[in-house]
Structures are given as C-alpha cells and as structure tokens.
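Colleague: Once you've looked at the hints, dock chain X against the given chain D.
This is what each chain is made of:
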Amino acid sequence: MHSATFLIWKKIPFVPILLIVFLTLNSYGQQQVTVTGAVTSKDDGAPLPGVAVTIKNTNQGVATDADGKFSIRTSLGSTLVLKALGFAPQEVSVTSQKLSIVMESSKSDLNEVVVIGYGTVRKKDLTGAIANIKGADIKAQGVSDVTKSLQGRLPGVTIESAGGNPGAGTRILIRGVGTLGDAAPLYIVDGVQVPSINNLSQLDIQSIDVLKDASAAAIYGSRAANGVVLVTTRNGKSGPPVVQVNANYGIQNLAHRVDVLNAEQWANVSNAAHDAGGLTRLDIAQNPSSLGAGTDWQDVIYRTAPVQQYQILTSGGGDKGTYSISGSYTDQQGIVTVTGYKRYNFRAKSETTKGRFRFGETVLLTREKTINMAGGWGGQGGNPVGSAAKMIPVFQVYDSSALGGFAGAYGPVVNVANPLAQLHLEDINTTSSNVLTNVFGEVTIIPGLTYKLNMGYTANFTTDEDYQKRHTVGTLFTHATNDLSLTKEETQLLLLENTLNYSKTFGKSSIQALAGYTYQKTDYSYLLNARTDLPDGLRNIDAGRGTSTNQGNGLESALLSTLGRLIYSYDDRYLLTASFRRDGSSRFGAAYRYGNFPSVAAGWNISNEKFFSSLTSAIPVLKLRASYGILGNQQIDDYQYSAVISSNINYVTGQEQQKWFGAIQTAFATPNIKWESTKTSNVGVDAAFLKGRLTLTADYFVKTTSDVLLNVPIPGSTGSISDPVVNAGRLRNNGFELGLGYADHAGKLNYSVFGTFSRVKNKVLELGTGSQKIFGGQPTHHGASSTLTEAGGPISAFYLIKADGIFNSQEEIDAYAKNGALIQPNAAPGDIKFQDTNGDGQISDEDKVYAGSPFPSFEYGFGITANYQHFDLNAIFQGTHGNKIYNGLRQDLESMSLEFNYSTATLNAWTPEKHTDIPRAVTGDPNINDRTSTRFLESGSYLRMKTLQIGYTIGDPLKNKLKISSLRAYVSADNLFTITNYTGYNPDLGRTGSIFDRGVDFGHVAYPIARTLSVGLQLTL
Amino acid sequence: MKNIIIFIAAASLALGCKKSTLELLNPNQLTTETYWKTETDVQSALAATYGLLRDVNGGFWGVRGIETSNGRGDDFFIRNDVATLYQLSTFTNTPDNGPVNDMWNTCYRAIFRANQIMENVDKVSELSADAKAAYVAEAKFLRGLNYFILAINFGDAPINLKTAATKDDYFVAKSPEADVWAQAKQDFTDAAAGLPVAYDKQWVGRATRGAAIAYLGKAQLYTKDWPGAATTLAKLTTAPFNYQLMPQYGDNFVVAHENNQESVFEIQLGDVGGTDPWAGENSAQALGVTTAQEFAPAEVAGWFEVSPTDKLFNEFKKEKTVDNDFDPRMYATLIWDYPGATFYTKPFTSFKLIFGYSSMFKKYQNYTQKDEITGASGASNYTSSNNERALRYDDVLLMLAEALTMQGKPGEAYPFVKQIRDRAKLAPLTAGLTQDQMMAEIRHQRMLEFAREGQRFYDLKRWGLLKQEITNSDKVGKQFYVAGKHDYFPVPQQEMNSNPKMVQNSHW
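Chains as they are written, first to last, in numbering that gives the first Met the number 0: chain D, 0 to 1020; chain X, 0 to 507.
These aren't lab readings, by the way, just hints derived from the structure by calculation.
In this text, all values refer to a predicted model and were calculated from it rather than measured experimentally.
Mixed in with the good hints, there may be bad ones.
What the hints assert, rightly or not - For lysine-lysine, the following DSS-like pairs were computed, each having C-alpha atoms within a straight-line distance of at most 25 Å:
{"#": "1", "chain 1": "X", "residue 1": "Lys351", "chain 2": "X", "residue 2": "Lys316"}
{"#": "2", "chain 1": "X", "residue 1": "Lys500", "chain 2": "D", "residue 2": "Lys772"}
{"#": "3", "chain 1": "D", "residue 1": "Lys658", "chain 2": "X", "residue 2": "Lys131"}
{"#": "4", "chain 1": "X", "residue 1": "Lys477", "chain 2": "X", "residue 2": "Lys466"}
{"#": "5", "chain 1": "X", "residue 1": "Lys317", "chain 2": "X", "residue 2": "Lys417"}
{"#": "6", "chain 1": "D", "residue 1": "Lys468", "chain 2": "X", "residue 2": "Lys369"}
{"#": "7", "chain 1": "X", "residue 1": "Lys417", "chain 2": "X", "residue 2": "Lys319"}
{"#": "8", "chain 1": "D", "residue 1": "Lys772", "chain 2": "X", "residue 2": "Lys166"}
{"#": "9", "chain 1": "D", "residue 1": "Lys817", "chain 2": "X", "residue 2": "Lys484"}
{"#": "10", "chain 1": "D", "residue 1": "Lys817", "chain 2": "X", "residue 2": "Lys466"}
{"#": "11", "chain 1": "D", "residue 1": "Lys772", "chain 2": "D", "residue 2": "Lys762"}
{"#": "12", "chain 1": "X", "residue 1": "Lys500", "chain 2": "X", "residue 2": "Lys161"}
{"#": "13", "chain 1": "X", "residue 1": "Lys36", "chain 2": "D", "residue 2": "Lys658"}
{"#": "14", "chain 1": "X", "residue 1": "Lys369", "chain 2": "X", "residue 2": "Lys351"}
{"#": "15", "chain 1": "D", "residue 1": "Lys368", "chain 2": "D", "residue 2": "Lys487"}
{"#": "16", "chain 1": "D", "residue 1": "Lys658", "chain 2": "X", "residue 2": "Lys200"}
{"#": "17", "chain 1": "X", "residue 1": "Lys351", "chain 2": "X", "residue 2": "Lys310"}
{"#": "18", "chain 1": "X", "residue 1": "Lys166", "chain 2": "D", "residue 2": "Lys673"}
{"#": "19", "chain 1": "D", "residue 1": "Lys817", "chain 2": "X", "residue 2": "Lys477"}
{"#": "20", "chain 1": "D", "residue 1": "Lys801", "chain 2": "X", "residue 2": "Lys484"}
{"#": "21", "chain 1": "X", "residue 1": "Lys223", "chain 2": "X", "residue 2": "Lys484"}
{"#": "22", "chain 1": "X", "residue 1": "Lys460", "chain 2": "X", "residue 2": "Lys310"}
Same shape as in the complex, but just chain D:
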C-alpha cells in the first residue's frame, strides 16, 4: 500500500494534493477540555517560550508563547510531551486543567544511545572516540548528497567534495590519512557494509556515528583502521502513523569561473609569443582587432541548473512491531550543460517482537542515473570543463555543414575539442541499481542472553554506456562512425553474522558481553561489449556493423572473523571496554591470512564521584576516556600475492597478417604480503559546563600504521608494467579534535551553537627501500610531478623547483652562473629565474624544495541554529587553514607556450618596457617558465558559508485547521560564499584517486562546484 502510494506520488507534484486531501479531512471528536499551562526553567525560574507541547501518541501540539504559556485541547488523563532546545524532554500527565511545569536543562545528551559495532551503548558508558550526528540535525537540502551536508559537523572527520558533478559524492577521511592506499573508511548501513553512503536519502537517516579510535572501531577489525561510519536508518515508533513529506526545489549556478582571454586579447598574446619564439604567427591570429570578443566557451557550457528533491516517509507501530517506509526522488541537472543525475530511493524497515523472538529487516533500493561529461578527446584539452578554459575564443561553436553540427579548432593548434561538441556528441551515462537487505532474527535464550543471526546482502548492478555519434569537429576531431560501448558490472556481498549478547547488572556492576562469528563474501563480475558503426538513431550492439570488442572478468574475496567484546561498568563511575577480533582474508597468501585486532579502553565518570557532588550542578558531566588498540587494513586488490600471466597481449604475424595471441607475466607479485595494522592510542574528555548548556568533547590521538600496504614504485628497468603491492613502511598520525556545543535562550530566542576543530599531523616514518621517494600529483597533461612522499617527511608534501622572480635583463641572466657557465642558458629577459638549490649549475629535479603541505594545519566548522517564534535559522560555516593547492589549470593557462587560450593574467606579461611578475610571452618556452614549480602553488585555506537556511513553521491555529502536525517552509543557500585566496574553481578540491595527488588541482578532470539556492517544504501529518 505504502509503496504503491509512493509510486504514484513520485510521478506527480504531490504536495499540493496532499494539502487538499488533509484540508478536507474531518477531525475525530472526543471528550476534551482546554488545558492551560505555564512552563519555566528550573535554573532561574524564567518562563520558557517556544517549548513544543504535544499530546503523547498524537500529532497534536502547540508551542508556548512569549510568557511560557500554552493552551491545548486534550482529555484529562492524557500525557503531554514537552520539548525544548537545551532542556531535557519531559512528560506530564494531565491531572488538571491548569498545569505548572518546570523544565530541567538537559545534562547534555549523555543518556542517549550511541550506535557502536554490533550493538549500542549509552553515551555515558562510552569509552571510545565517536562523533555522531542525528538525521534531524542535517540541514542542507539543496544538495543531492547527504554527506556533503556533514562537512564541518564532525570533529576529526574530513569531508571533501568529490567534484561538482551532479551525483558526485564526497571523500571522507577520518583522522587524516592513515594509509597510503585506499584511506576511505568502512561504511556500514544498518549492519551491512556498503561501498559508499552517497546515495542515501537524507530523510532516511536516523543517525550517523563515526567510530574514530581503536576501542570504538576494533570490533570491525579489518578495514577499520580508516575509521568506521555507521549509518542507522529510521525506525518507526509505537503510536499512530506519522507521515512526513519533504519537497525541495533549487537552482544552481557556477560559483567561480576562471578568467581567460577573449579572441582579440588572445590573438595579441599569441602573436607576441610567436614573435618572441621566432615562429610565424598563427593564421587565425593575424588580425586581432577584427576578432572582437569571440566565443566565451565558459558561457557556452555553463547554465543555471535546477535541482529538485521529494521525499516521503511514513512510520508507526504498535506494542509488538514498528515500521518505517520511505521513498524519495532526486533530480539534479548539472551546471555543465547535458550533465545530470537522477535518483530513486525506496526503503522499508520493520521490527516485530513475538515472545522471546525479535525479527527485523531493512530493505533499501536505489536506482541512479548519471549523465557524465566526456573525457579528454585527444587528451590535450581534457574534459569539457578543461576544454572550455583552453579552447581558443577565435573558433566558432556551430557549423551546420559539419557532420554532427559543431565547429572546432583548425590549424596548428593544440588538440583541444569544442567542449559543447564533446558534451553533445559523446553520451556517457551510468545507470546503477542498488539493493541492500538486512534480515535479523534474535532469540532471548535466558534473560539477558540473546542470540542473533544477521544476514545481509547487497547487490549493485551498474551499466556504463558510452555512445559516440559520428562527427567532424573542426579539423582535429573526426569520428567516422557511431560507436557504442557497454559495460556491465555486478557486485554482490553476502554477510552472515552470528552473535551472542549477554547483559547483566549485579549490584553496582553491569556487564555487556558480545561474542560473534561472521563470514563475508564479495563477488564481482565485469563484462564489456563494444561495437563500431551503428546506423544513425540505433543504440544497441546488435545494430552495429563494425568491429566488436568483448572483455570480461570476475573477482571474489572473503573474510572470516571471530569477535568478542566486554563492556563493564561499575557504579556508573568506572568503565572498561575490551574487544578482540580475528580476521581471515582471502587477499593474503595462506601463511599471512589472519590478523588479530585487540583493543582496550577505560573511562571514568568523575562527575558521578561523591567528591564531585558539590560541582555537579555547574559541571554536570566530566568524563575521562583512554583507549588503545590495533586495527587492520586489507584494502588492496584481490590476488596480489600470486604472480599471474596476462593474456591478450597480441601481435600480428604471417603472410596473411593474422592475430597472434600473446600472454606472459608482465608484473611482479609479492607472495608474503600481510595485513596492514594501525595502533591507535586515544585520550579524551567529555564535559558539560554552565549547568549543561555548554558541552565539550575533546580527544587527542596517536595512530601508528605499520606494514602499510602500497604499490611501491619499482624501477622501470625491472620491466614490470606495474608496481607490486608490498608492506611498504610506517606512518604516524597524531591529532587533536574538539567539539563544542552551547545551547541557551534569550527571551523568545532559542539558540544553539556548535563548533568543531580538528588538527592532524602526519609523518612517514619508514618507506620502501629506505631512500624510497614516491612522487605524485601530476598537475597537467604533460606536467612533472609536484608531490613527494619519503621517510621523515609528511605524506604527499609539495616538493617543487623554486621560482625566484624574473630576469629583468641579460645582465641578470649572465650573472646567474656557476663556474662561468650560465645556470639557465636558454633564458632571455622576462623569463623566470629558478633556484639552483643543489648548486650544480643547472636547473633539474634535484633542485626541488619543500614548499608546503596539501594537508591543512587545522580544519574547522561552526554554526548556529536558532528559532524565534515561528522562524528558525541555520547557518553553517566550514573551512581549512594552512594547506597548499597546486593549481594545474593555471600552469596551463599562464604558460603562453602552447597554442590554446590563456589566462587574463597573461595580459600583464613581462615586456622590456613593463616589468611584471608574469613571465614574457614566448611560444615554445625555451626556459620552461611553465615547468612544475612553486609559481603555481597557492594557499588553499578557505572559509565557506556552507549553508544558510531560514525557515518558517506555521502556527497552531493554521496547523490545527489543516489537521497536520507541522509544516515548515524554508529557503536555503548552499556555498553562498567562500573566502579564499585560491584562484582555481574550488579550494575544496574534489580530486579522488591516489593519495599522492592530494592538493593538486588537475584542470582536465575538474567539475566546478555550484552555488545553490533552494526553497522547500517539510510537512508532517
């Protein structure tokens, strides 16, 4: 029934219809009286405005007025529920028609339950470092990806955008980079491992708990070294059905564009550069003044794009069972034309109790379709975003006589494609269907002892389609036939978990024990089918007349684990947690298959001590925590321990020139690779001050990772086509993180403020051969690496040749000599002087110097939530400080060496008459002014207003008339502004992939972020 309703609502604008339906519904009559009440604060006796007063098990409620008074129709004997920010919720029986209610400020939220692996624990019993957020506190609505709205919210959790592409997710790092390979955390949704949580619907989330230290995460043993993100989806609650409907519509615009030359300006710079290089001017630049502005390629591809989201959730339950069912639809068009993302979510979750049994399940279905940009045609221009910056403005957009209808570059210029042609002539889309199911059954064997069988299954079916329409775009890009390539991928994960739980309280002691045995198997298969020469208009493989290409392969991996945990609490004062997990992984050879991951933690609730009792009213919470443990990581490809024969390395032979099948070992394997392990020590404090209004959580940690699993670069002279995975070294991360909250009210204004602060420092202690250097961060199509990782230094630090100003005269060039020989013999006045760091008389990679780190010295977030009568406000800021970004796109656009468009900065290029800090324009660039150097390294610090949201909740008279529980309308702005000195699209880079590319803005693969303005409605029936 619910799902059927959902399906219909998905198709039509259902919010207005719902309103009409409920406007016409009659209320049900009952014997009721008017109850009035006054609510005051226990601290100071002041009246409390804005307290939500609802009748228990109904949707009816009111809020207190400015004098803390309320009036509500209910029956005697019913129960009222009072809730207010900063105060403990309270239930009051209606014993008379006049009530006087005193609310106590909340002793923070320590009574709430926190999700830990294979169970929950009361926050006050917690000994590990966990950051969490409730679904209700996730505010941003104008983004399709829920994780984006977590930026800055969780101390110790770094969330970076994975690009502005619609549907692109985020990269989450917990406590820095603990490994040099895949540093992504383990994601668990309702007990089942998933590859990412980007496709979850915001309304479905009840809580997100991030396990940061060993004590919290060790129960997950494998892969827990990078932290664990536990997502719990919403449960139903006993009581009448609740229906929630959210609708959001927004528009997105390019937040920041790069400034490049117009046609006339470009021609002038190009001519100057050719003259300086002694080369003939380009034909197309012959007559600059006749060219005018030309084509603004960024205008051509960027657009104002709508984004809309609709979500509906219905939940409820009785004594023996609860349910929660939800559906959502997201449609986000990209700010780059053509691109877009659509998602359908459906979720059902229920739980039933029968005698000593308890059963439950979660079913989560997602279907996503993403329309992506083409990659780089011919390589040199990059994707359409890169091409739009680099395409020479002299060229036209359309050519109706050309096959495909687009004009393009011609003449001796770099192969940069018309970006609009790329977008329209190559359709690259991904359709992905996801199934997540989790079913459990639990039996209480004796009181306190339960056995639980949990079976999880996830399946992902992804189809990638790449269809190239035949075209001729200018003279550089010709594709004679329509070609289609289809890739199908299927990943299935099966999880079986048997756990025994025992909890018992005796005297002042309470224990909670867990033992378990789990098995997990992943199967992956890949199939590619491509064919060339399809008739126009047909897009199936069968229609193709040309060459076929087929590929297929599969992967399997398995984990087998035993686990145990004991949580002991004495008198709510002394807490001890010990856990152990033993994992076996198919990714290692027989001798190295198993890893043991123990942890131990202790906590002391000082505020519960007798000697502290005089202080408890001022400092209601003071807890110290300490933990130590070992976590594992096995995030490498399957089968890395065995040397294999690669096949289909073919050649041609014979008079008839037939295919000769080839196969041989092409790379080395490391048979003795073993688990990577991370030892984490953590000390932390939780405290609440000012009668609980101010809360604080602070943690300090040291993480040491040994046997880091990494593809360590080996010399090309070995003949291996790739680098083997080895246990390559040791890393250390240490850091400090702080979360602060303050909630209070001033008159009718209720507000709360939060702040997060994280500081992580990393250091490579040992690496590879000892003197091993790992370079990374290629910034441009042909550019040299910009980062270096080596023992003794930080991970992926910028090591660059130092640009040291400009030679203003030949004398300066001549003076820059070593033993009579010029250090830069190819230089002319106006070229850049590079520092000969090692003093060998020439400029080479040996002259690189440490130039900064892609990791911030600290990152932070802060925000405020406030409400005043019917209005509410949410403002969230987030930023980083002290990190550097290598601006690869600028390296291209300021070079003036190659034949594409340039940055407006080049208008200010050095000339003999005008000495500036931009080098002279010269085609060919004999001094290599555009080499990878400190010239293109910029500060990456930024402060961004992540979200600003203003809401209005309708008042009681209207609400009662509409017979609804609540209705809120809001306007929201995402990425409203960013304060930064970084000149690229976005300082929050969004480059995924290798850790060694961190902080390197490679213009070819970028998709700039959008500024989004949206309006929305949130309705609860």
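Modeller: Same frame as chain D, now just chain X:
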C-alpha cells in the same frame, strides 16, 4: 519451537564455513606455476614480447617511438602540440620527459619478457631440443634488439639477464655503454646461430637468422668495428640468403608489399585486434600504430604533428635522376607542390603547408585512402596496418659500404652503393672516390634512403656530425642543442626516483 529449529539450522549453515573459504584463486588468469606447459605458451610469450615493439607509448616503432627517434634529427620538425615531444625535438627536454621514460620502460619490459622465455622454455616437455634452441634464439634476438635501442638512446644502462627473483633484484646499477653494446652483440650472435633462415607462411614476420646477422652488423658498425661489420653484413649478400632490393623504392612503404624481398626485419601491424590503440595490453588494443594518423595533414583527419624540414627537402633536390627528374625516393618520401601531385586522392593544392616548410611526409602514410581515420572495416580507426620496415636490405648494403670505406677500401664499396643509386635512377658514381668522398656519398644516401625511419640522428651521432648538421639546418630549436648533452637521453626521472643505485647521465 519451529523458529528455534530454523534458527539453529541457519546458524549451523553460517557456521559451516571452512578455512578453505579463504582460498580463492584468481578466476581470470593463469599463474606462473600453471603456465609454460605447451609450445603455444612459449609462442604466446613471444607475441607478448614482439608486441612491445609497436607499443603506442614506448615501442620504438610505435608512434611515440617514431617521433622520439626522429624528432631530434636535422630533417625533422615536431609541432608545439604535445609539449614533451616538442621539447625533445627542440632540445629543451628534461629527465621527466614522458615519451623518453616510456621508451626506457618498454625496452626493459621486453627484456623482462625475453628473459622469462629463456628461463622457462625448458619446462615445456613437448619441445625438442632444437625447437627450444630456436625459441631461446628468438628471445635473445628480441633482448638484443632492446639493448641496441637502449644503447643508442641512453648509452649506459642496466643489464638484466635474469628475471628478478627477490625484491633486492629490482635495483640494478647501470653498466657502461660498451657493456650494453657487448650484450646486444652477444645476443644477436647467439640468435643468429639458432634462428631459421625463413619461416613458413603462417609465421612470416618473426625474427630470422638474417635479421639477427643484420642487427649484429649494425651493432658492430655503431661501435666502429669496421672489419667485424663488413664480415657480418657480407654474409647477407650470399646464400642461404636471397635478399634483394625492391625494384620500386616506394613499394617498401605500402601495405601491398609487406614482408617483401628487401625486408630483413619488419614490425608486423594489422587491423586484426581491438579498435582502441590506447587500450593498453588487452584484447581491446588495436594491433596497428597511430603514426600515420598523427602525421597526416588536418585535411584528412590527421593531427599533422610532424613535418620534414627544408634541409631534407633540399637534400633530395641535390641530385636529379638520369631522366632529369627528382629522385624517386623523393616522390616516395615526401609530397610537395609539383605538377600532378595528389595526396589522399586529392590534388596536393587542396592541402595547406602550415609550418613554413615545403613538404609533408608521404612515406608510410596511407595516401591512397581518402583519409587516415577510416579503418579496413569502414569504422573509425586511428591505426595504420602499414608495417614499419625496421631493417631493410638497402640498409645492409649501405652499412656494408660504410664498413668497407671506413677500412680505407672505398673502392670495395662501389657495388653496394651502385645498387642503391641504380634503383634511384641516379647516374653511376664517379670512379675513384676517396674515403672521405665515399663517406660523404654514403651519408647523403643514408639521409635520403632512411628519412623518417629513425636513423638520421643516430647516424649523425656516430659520425660525430650532430653539432655541425643541426647547426646548418632549419630545425626549430637548433640553438638549444648542447653537444654531448643532447646526444643521449637522460636516465628517466622515474627510474632515478625509484632506483637507489641509479646515477644520472653526465650533462643532465
């Protein structure tokens, strides 16, 4: 009660997993233990070694290889499109140059694979001793050829004669250039002893005894072992060998005359694999090269990455044929604006010369097609199936002539030079040339005969004429040439970074 039974059943099922559940074998690939069982395995290993010769990134006869080997020549221009190629052609390259790095790596990949064949062929019990010896000889030829490429490009280089067994074996110091040459010569010598003179039809194109002898002679010539080179190369002029020049020089560069009588070693290319030249080593990879498409003019969907210099153009014009026409080799090598000139079925006048040079390369271009983007199937195809003739009999003749001349016997060089001149319809050479005069003639002939075939720069280097000939050319970037430094490529930065035992070449 029922429920409890279901529980226990399910639980025991779940608990029933054994440790062997973690023993998951790679379902896609054989392991090194299960390979090397049949003759086909050995042949497949050879194919995987040959294939690297035309690898799109690093193969010496792939497109980057052709650009890298020719790019520094005084007869060659590379346009300012692919920055790393432009840099090496204008002598502004740095050790992190990608194509140079790829050339180095690809040579060593081939050496690694050749070593595997030598080490494992004994495991194949079905092979006779003779068959094993022939396969080892073939592997040695391929290894020798890659050391040859390393020697001419890098000079000093690591020598690996075994596959790395442990991690420590990954790091090998470089050996002096002389040792690299010695290894190449040894491999060619061994190969010549074990290889057949010819293959049956199915296997035409694999390395023959003649190929091994020719490369041995070439290596001897490069190392100035004149008597050795003369002796070695002379073998190819007599039985059992039957090499002859093609009557028409231009037939050496068209698909219709692949593996012809003049061909000594030829890189086999064909449109019989996948469709993607950049797919990497898998079934999607095209088995041709993209060189023709990259070199073709824009008018026929090419990327016009290179151009002949006018120095080459003018060199061709120096001597006309006996019919007072241009050298037929000029017509086969270049296309320019002459009466009746057609290119890709169009009059040459419909093409534009955009670099200020007077001609375009025609050699190895598929100029009888309508463009360079249409493959055999009619579908878009960047690759060319036109075999690269790595070593021809005309090279043998000119090398032999040089080896004799350099021994002070220019008179003995006449018959070999004559064959070259006769085919080019040039008048007979004046009798009685001195050694220097004969060398000048040989140098001139080599420049014309092998234009765009990756010989000019290396010839100039071994003749000690790089500085002079680059300086007197119209090559872009000639002013940045530094004698000594640019004669060799630097050790690639990636190798420097990952090999603690590596030392950079001098001048770099």
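Colleague: Are the Cα atoms of lysine 351 of chain X and lysine 316 of chain X separated by 25 Å or less?
Modeller: holds (21 Å)
Colleague: Are the Cα positions of lysine 36 of chain X and lysine 658 of chain D separated by 25 Å at most?
Modeller: Within the cut-off at roughly 22 Å; holds.
Colleague: Would the hint linking lysine 772 of chain D and lysine 762 of chain D be met if the CA-CA limit is 25 Å?
Modeller: Given pair lysine 772 of chain D, lysine 762 of chain D holds - Cα atoms ~14 Å apart, limit 25 Å.
Colleague: Given the hint that lysine 369 of chain X pairs with lysine 351 of chain X, test it: the Cα-Cα distance must not exceed 25 Å.
Modeller: holds (16 Å)
Colleague: Next pair to validate is lysine 351 of chain X with lysine 310 of chain X; report whether the Cα-Cα distance is within 25 Å.
Modeller: holds (19 Å)
Colleague: Are the Cα atoms of lysine 460 of chain X and lysine 310 of chain X separated by 25 Å or less?
Modeller: holds (18 Å)
Colleague: With the threshold set at 25 Å, check whether the alpha-carbon distance from lysine 500 of chain X to lysine 772 of chain D stays at or below it.
Modeller: Since the Cα atoms of lysine 500 of chain X and lysine 772 of chain D sit roughly 13 Å apart, the hinted pair holds (cutoff 25 Å).
Colleague: Does lysine 484 of chain X sit within 25 Å of lysine 223 of chain X, going by the straight-line distance between their CA atoms?
Modeller: The given pair, whose Cα atoms are some 21 Å apart, holds under the 25 Å limit.
Colleague: Take the C-alpha atoms of lysine 772 of chain D and lysine 166 of chain X, compute the straight-line distance between them, and say whether it is at most 25 Å.
Modeller: holds (16 Å)
Colleague: For lysine 477 of chain X and lysine 466 of chain X, compute the direct alpha-carbon distance and say whether it is at most 25 Å.
Modeller: The hint holds at about 9 Å.
Colleague: Check the hint pairing lysine 166 of chain X with lysine 673 of chain D against an upper bound of 25 Å on the C-alpha distance.
Modeller: Answer holds: lysine 166 of chain X to lysine 673 of chain D is near 16 Å, not above 25 Å.
Colleague: Between lysine 417 of chain X and lysine 319 of chain X, is the straight-line Cα distance small enough, at 25 Å or below?
Modeller: Holds, at about 15 Å.
Consistency with the previously given hints is maintained throughout, with no hint failing.
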